[in-house]
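So the chains spell out like this:
Protein chains: 4
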Amino acid sequence: MNKNIIDLQGKLEALLLAQRDNFHQGKVADYIPALAVVKPDLMGISVATIDGKVVGAGDYQHAFSIQSISKVFGLVMAINRIGDSIWQRVRMEPSGQPFNSIIQLQSEKGIPRNPVINAGAILVSDILTSHFSSSKLAFLTFIRKLAGNENISIDNQVYLSEVKHGHLNAALAHLMKSFGNIDSKVQDVLSHYFTQCSISMNCEQLAQSLLFLANKGIDPRTEKVICSARDAHRVNAILSTSGMYDQSGEFAFSVGLPAKSGVGGGLISIVPGYGVICAWSPPLNHYGNSVVGMNLVASIAEELGLSIYH
Amino acid sequence: MNKNIIDLQGKLEALLLAQRDNFHQGKVADYIPALAVVKPDLMGISVATIDGKVVGAGDYQHAFSIQSISKVFGLVMAINRIGDSIWQRVRMEPSGQPFNSIIQLQSEKGIPRNPVINAGAILVSDILTSHFSSSKLAFLTFIRKLAGNENISIDNQVYLSEVKHGHLNAALAHLMKSFGNIDSKVQDVLSHYFTQCSISMNCEQLAQSLLFLANKGIDPRTEKVICSARDAHRVNAILSTSGMYDQSGEFAFSVGLPAKSGVGGGLISIVPGYGVICAWSPPLNHYGNSVVGMNLVASIAEELGLSIYH
Amino acid sequence: MNKNIIDLQGKLEALLLAQRDNFHQGKVADYIPALAVVKPDLMGISVATIDGKVVGAGDYQHAFSIQSISKVFGLVMAINRIGDSIWQRVRMEPSGQPFNSIIQLQSEKGIPRNPVINAGAILVSDILTSHFSSSKLAFLTFIRKLAGNENISIDNQVYLSEVKHGHLNAALAHLMKSFGNIDSKVQDVLSHYFTQCSISMNCEQLAQSLLFLANKGIDPRTEKVICSARDAHRVNAILSTSGMYDQSGEFAFSVGLPAKSGVGGGLISIVPGYGVICAWSPPLNHYGNSVVGMNLVASIAEELGLSIYH
Amino acid sequence: MNKNIIDLQGKLEALLLAQRDNFHQGKVADYIPALAVVKPDLMGISVATIDGKVVGAGDYQHAFSIQSISKVFGLVMAINRIGDSIWQRVRMEPSGQPFNSIIQLQSEKGIPRNPVINAGAILVSDILTSHFSSSKLAFLTFIRKLAGNENISIDNQVYLSEVKHGHLNAALAHLMKSFGNIDSKVQDVLSHYFTQCSISMNCEQLAQSLLFLANKGIDPRTEKVICSARDAHRVNAILSTSGMYDQSGEFAFSVGLPAKSGVGGGLISIVPGYGVICAWSPPLNHYGNSVVGMNLVASIAEELGLSIYH
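Chains as they are written, first to last, in our numbering: chain A, 19 to 328; chain B, 19 to 328; chain C, 19 to 328; chain D, 19 to 328.
Note that identical chains are pooled: a pair holds if it fits in a single copy or bridges any two copies.
Mimicking DSSO-like on lysine-lysine, the simulated pairs with C-alpha atoms at most 27 Å apart in a straight line are:
#	residue 1	residue 2
1	203	182
2	234	163
3	21	71
4	127	45
I should point out that these hints are in silico values taken from the structure, not numbers from a laboratory.
Model the full structure from these sequences, guided by the hints.
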């Protein structure tokens with residue numbers, strides 16, 4: 019291990035120590051029982067860089083439910099599959115409303131504001147469901163390949179919980195269907211959506227699997243093109259303006275990086291030209307973002323001077 | 019003139035040529051007579067860099083009404099004057115609504131979503147009105163100093179037009195006042211706001227005067243600290259998520275730079291670590307952004323690889 | 019036939035004649051194919067009085083899809099079954115929004131504004147589904163008894179059409195379910211709701227079956243108590259403020275009677291202390307109310323001086 | 019005094035006694051100091067009938083600020099002055115939103131939902147300001163004539179308070195002006211509006227002055243035509259669907275009479291063909307309606323069987 023890595027490792031451990039007690043400031047997601055049982059004081063962070071470093075601290079190898087972070091992978095898959103035509107069915111504007119709001123969706127005729135709010139991700143799920151013979155398997159295969167790990171899998175208890183408590187997402191899907199913006203059966207679309215939300219991964223896997231977004235679409239380890247440079251740019255832009263739900267502006271303001279959070283407590287942040295940070299701590303603030311996760315990413319970004327707004 | 023400058027100059031001229039006929043795609047602002055009379059086929063662009071280059075093409079020295087671009091200067095002045103307490107009176111989130119929407123302002127109790135929509139800029143005007151003995155003069159002085167030009171002045175006809183047709187802005191101001199979020203008299207606040215909107219500047223002056231935002235708060239020509247590095251970061255973040263009205267997400271997606279437009283047809287774009295681009299062409303799209311201005315900034319950003327999302 | 023009846027008959031025929039060409043001003047509902055095929059120039063009117071008169075003109079014995087008129091029967095059944103506790107799950111305020119709006123439903127936490135907009139009627143359907151072993155049969159039995167006609171039945175083609183195109187209603191149901199305001203399975207609730215909407219009746223049957231609302235809850239023909247006087251009052255009040263969708267205020271203003279319309283072109287109007295008017299003509303205005311139906315009720319109400327606002 | 023009157027008198031006194039302690043359930047309006055100082059335990063009721071009875075109990079001759087009850091008089095004046103053209107500038111639909119909401123007003127392009135929410139009454143004030151050389155005097159003259167009392171006057175302290183704290187109303191007026199739906203100067207319109215709101219009257223005066231609405235437009239004492247029968251009908255219809263702010267549906271549901279309340283604690287209720295009830299008690303519920311006032315009107319309406327919905 020070289021000195022850079024040792025330094026970074028030390029920094030991450032110091033940051034974790036500083037955040038040790040802050041998990042009390044949030045509340046573990048409890049809208050589904052399967053998420054509510056996670057221990058609140060787990061926390062981990064991992065940094066992967068495009069020049070090959072992978073460093074982690076705390077529970078960075080402890081798997082958690084990726085939830086909305088799956089929206090990033092789904093979006094890339096959908097763009098790869100149907101190209102720019104996706105932007106006729108979903109926009110790329112911040113919503114200015116909570117992630118699960120149905121209000122805007124009706125007044126804007128079933129066109130979601132962006133692909134990383136729930137309505138938009140359900141629309142992306144419809145694209146995948148309609149264009150892959152087995153979209154769930156295709157999704158899992160895509161993620162496993164990116165993470166370089168064949169063992170990544172779906173947490174079936176989370177999945178069943180999602181299905182049972184997924185009435186708001188069902189409402190969003192039916193509303194889009196009523197406007198003609200869903201092609202597949204609502205039930206199939208939701209089944210795909212809940213499946214991708216129920217995947218379990220750890221910080222290290224997530225950080226590595228998203229390196230292509232920091233590297234103009236190319237996975238730096240395999241040198242494979244995962245998406246075009248233009249689409250990597252676009253995904254990063256969307257994550258910058260809309261990735262942190264209704265706190266996206268504040269995250270840009272105080273941290274300054276493209277990011278996506280999930281209610282499982284995970285948070286990934288892309289640093290174009292450098293790498294990916296993934297933090298995890300289950301307790302959420304009232305926007306649905308991990309309290310400690312945000313603090314961790316904010317601290318490391320500031321310490322390393324990573325902000326894209328300088 | 020060195021080779022770099024000659025190259026950039028050539029690029030700008032080529033871009034202008036390519037956009038020559040596109041002004042037909044927009045419509046000059048006509049909500050006030052004083053703006054409606056501007057010739058639609060004028061267009062210019064200027065690039066100023068932190069290492070001292072200043073290059074322009076077309077009507078880059080033709081003065082126009084800066085309108086909402088003034089919000090950037092006002093915001094910096096207000097932050098400098100009252101510090102972080104400003105963020106208790108205005109948020110930093112994208113609004114997801116048209117720039118002059120009064121709807122969100124009522125449901126959010128008179129707290130504007132961000133300082134670059136109209137409500138937010140009126141709130142900033144209240145801060146300036148309340149904290150400077152002569153806020154209009156202070157504003158003009160600040161801009162003149164930044165641009166290094168004592169002749170920058172207010173277009174009185176535009177000002178009078180604004181006052182006469184400013185009922186929607188008056189509604190926003192009174193609504194905030196009813197929630198206790200305006201300290202000065204509404205009439206005085208609006209008078210300041212309309213004054214700063216009525217200032218005339220050209221592309222070259224605007225590009226140069228905002229260089230400090232690309233340079234961590236320091237004006238590279240004078241080496242004076244205009245604002246803290248942290249506040250330059252914050253302003254750039256706000257311009258990235260909210261500077262282009264309800265098209266901010268699309269601008270991030272397709273261009274990838276902090277920017278602010280005005281209904282006078284001007285558009286400034288900050289490139290952290292590099293410089294500032296200012297484009298001008300009066301005809302606007304239905305979001306209120308200059309059609310040709312956006313094309314010009316998009317083209318030069320792509321050609322020079324300036325996007326912050328890579 | 020006595021003179022009063024002959025006079026009223028003549029009036030109704032004259033009114034129909036005067037409206038003969040006005041069906042061109044509306045548009046037959048086409049959101050489901052089964053409704054779109056109805057002949058647009060059919061029109062009928064029937065008046066039933068509490069003292070036993072039943073008069074009709076035109077196609078008053080031609081059956082049509084009662085659609086939202088079924089909401090009146092469902093509401094009475096639900097009140098009879100669970101009493102005042104219904105008002106903890108649905109309000110009695112005008113909505114100020116289109117009948118199928120999902121916007122208010124989210125901001126008001128899944129509590130519908132009143133029982134005669136779609137969300138409210140779906141909630142009522144949930145009560146019926148949850149409290150009757152076979153709610154569809156119970157509904158049909160209730161209506162047949164009121165109309166004194168065992169042959170009233172469900173139009174199966176309309177029902178299948180409703181199910182196929184019912185995604186907006188499914189969205190409303192799932193949204194209420196997500197707020198915990200639906201007890202039964204969404205699929206069962208919708209099946210009941212679409213069933214009651216798909217019942218076919220004619221003007222004469224509808225006018226007679228609702229006489230109890232004009233007679234303090236008592237069916238004047240059988241002297242049976244259908245509901246309490248207080249609940250008849252309440253239903254009439256709701257029909258007065260909310261029965262004509264987003265045109266309820268205008269209907270009160272220009273006609274002045276409790277009323278309920280359906281997208282099948284039917285319109286019933288209660289005249290407390292006098293009787294019930296039912297008009298039918300398929301073409302609708304953009305609020306979803308029958309153009310000719312409204313004209314017919316307005317004319318007869320004015321001619322006979324029936325308005326409750328004098 | 020005949021027996022009927024003695025009976026009614028006794029009923030009113032019994033009702034007041036029954037409500038004696040209920041003023042604790044509400045809260046005196048405190049948005050302006052001049053209203054906040056009124057004693058909360060004052061309460062009165064008066065009934066005037068079209069056949070000449072005038073009965074009162076409690077503080078029925080104690081003057082109070084009529085506030086929004088003035089909207090009824092203003093509406094009648096405006097209709098009389100400009101006829102049906104008023105309905106091109108204001109609608110007659112329930113708003114479904116709080117009385118002072120600016121949200122709907124923007125989305126509906128400056129056309130208020132009805133003339134008895136604030137925006138609508140300000141629009142009516144614009145009509146009066148624009149069509150009378152001295153609209154304030156004309157208003158006062160109209161009311162004095164209706165009440166048969168030359169001493170009715172404006173409470174100047176209330177007026178000054180209204181002006182000082184009237185920023186939300188100013189916002190509504192400027193917003194309508196921005197849509198071109200206000201002709202006079204905003205300042206003049208507001209001055210008229212605040213003036214009419216600041217008139218002081220007592221229960222007896224209010225009940226008598228509105229008898230024409232219960233009598234097809236004719237003042238039964240003078241036999242003068244105050245407005246057409248059609249317009250009396252229309253005003254009653256509007257008061258039925260919209261007169262009690264966002265509680266109008268509930269008032270129709272539980273009481274069943276056209277009514278208008280004011281934040282001064284007054285409440286008038288029209289009984290077509292019978293007379294007018296006016297109750298007063300300052301403490302308000304959270305909708306802005308007098309708690310005890312509503313109870314009083316509800317009780318007397320039930321006891322005498324006055325509901326228009328039977």
